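J.: Dock chain B against the given chain A, drawing on the hints supplied.
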Amino acid sequence: MRDADLTLDCASQVSDKNPSVAPPLKVSDCSQITDGAASVVLVSGKYLDKIGRDKNKTARLLGYGHTTDYLPLDKKDAPTFSIARKAAEKAFRMANLTPRDLQGAEVHDCFSITEIVAYEILGLAESGKGVELVKSGATALPQVRTEKFKGPFQIPVNAGGGLIADGHPVGATGVRQVFEAYQQLTEQAGARQIESAKKFLTFNMGGSLTTSVAMVWGRD
Amino acid sequence: MSESVYILGGGRTDFKRNLKKEGKTIRHIIIEAGKKAIDDAKIDPAEIQAGAVGNFNAGQFTKQLQLGAFIPEIDPKLRGIPTMHTEAACASGALSVLLGAEWIIGGFYDVVLVVGAEQQKTMSSLDGSDVLGAAADYHNEKPDTAISCFRNCSGGLRRFISRNTARAKQTWRWLHGKITPTPS
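Chains A and B are the protein sequences, given in the same order.
The opening residue of the first sequence carries number 1 in my numbering; numbering runs sequentially from there.
The opening residue of the second sequence carries number 1 in my numbering; numbering runs sequentially from there.
If we strip away everything but chain B, and leave its shape as in the complex, we get:
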């Protein structure tokens, strides 16, 4: 790498929350998480030169896009900086980190804010599954119903799943989940 990339700070929201019940939207958690990272990094927001936002499907889940425009709402000093939105289904967040990293490696910027966000609890499970179907080959893999799109995907994996596999894995993960409360 021509220029090294470091993490100077970060933050997150508690994933237990239901934003709709709080009367909030994806906008609020982009702002909230963005502020946390800047506070944690202990830098003046004016130092941030660019912003990357990872999101899969706010367009369908919330009818809101152009999420980079929420970056200036994190702090007025961010108004005017370049922002971009990355999408690759569940890998949307990693792509925003990579975008930020490659900006630094390529010598374009020295300080980049990366925020990944999703608001999904906006609709019924069935409608939500249909939106998630966009992560697969929607028009070809989606057979009769929205749910069966995921059923179809898991069916492909079933060839090498044994019941024991899932059970063994769960044992450990549930224990992790129990002892490790999420930081707010």
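One chain only, chain A, in its complex shape:
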């Protein structure tokens, strides 16, 4: 999708090039059918000591939350999604951090609206204020901003384009997000590097927020 010949104006409206899928969602609001894989090697602190690697030079899991809701959407409490919220709350509690302590996040945006809903579930924005957060530019990479950001809190989200622009090979996405967290925290993210990223959130969800997994990663 990132190579698609589509301008911002074109992406914002229904046209032959950008047809409606399920109103108001257009093709450009949806992640695409994708082939792909992602991988990580996870190790214990004990193992790092054993092989003499510096723990401060890599990413550590600081906290996580994992919850499961009813399967049908109409049995969930939309738009609050209290069960998904529990996953995020658990992750922050375990990490002893708040959303304001983060420098970046990878958030599940299978559809454009999903990311807005996720902002509110994760506590990046108050309920009903997800749109304002986006409009403020707080979730944009500083490198791509056209105007100077003046807000009190910024958190670049989906620096690599997320599921819509990068791709969504379903089973790979959650691992890809964690690999991105690792690259950001170890300053290997190249053009999409978030400056001084020390604490990073990943949020992967399945179905209509049926299974939710939030993880907080950090570098000491």
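What the hints contain is simulated information worked out from the structure, not anything from laboratory work.
Just so you know, these numbers come straight off a predicted model, no measurement behind them.
Just so you know, even glycine gets a beta-carbon here, dropped at the ideal spot from N, CA and C.
One should not assume that every hint holds.
Facing chain A, according to a computed beta carbon distance under 10 Å, are these residues of chain B, among others [stated by the list, open to error]:
1. Gly-34
2. Ile-48
3. Ile-81
4. Met-84
T.: Chain B alone, transformed into the frame defined by chain A:
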């Protein structure tokens, strides 16, 4: 946490690829991504004690399951280690990371390889949508056609979507996508 969990390395494939056109299958990208993570971690594959594979629906997309069996094909030294496959629709990948992390936290293993993979470009969009419908309540939420299953889900969300919402969000994400070529 009783034992800390660290990421020692990782890798990914370029999500632009079409495996069918390359004459490849999900097997090849599990092997490819697995090798990349081990190379990036700079460890001997023999150090890896267990493998977790995240996948949603290879059974329907590719007619191949028991994906843990591709872990030994990453390196012969991985033959014989325990592997498991996790599935929770789009959260399948995060669950494989959690499985690996909880193995370490619980003291079962010290070095775990996690691979998430999906091959979807194997069928028509309509058939693909039907397969994705398994992520929802397939037999109850799926009304007349496969596509309308997703239509039904998005209809529920529509209550609190404004057109501006999607438009504002897109502005930023498209810019990100443009400047950030995926690492191979």
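J.: Can B:Ile-48 be said to touch chain A, with a Cβ gap under 10 Å?
T.: Since the shortest Cβ distance to chain A is 7 Å, the answer is holds.
J.: Should the interface hint for B:Ile-81 be scored as holding, given a Cβ-Cβ cut-off of 10 Å against chain A?
T.: violated, 13 Å
J.: Quick check on B:Gly-34 please, does its C-beta sit within 10 Å of some C-beta on chain A?
T.: Given a least distance of 6 Å, the restraint on B:Gly-34 holds.
J.: A closest beta-carbon separation below 10 Å is what the hint needs, so does B:Met-84 meet it against chain A?
T.: violated, 13 Å
In terms of the numbered hints stated before, the structure departs from hints 3, 4, listed from lowest to highest.
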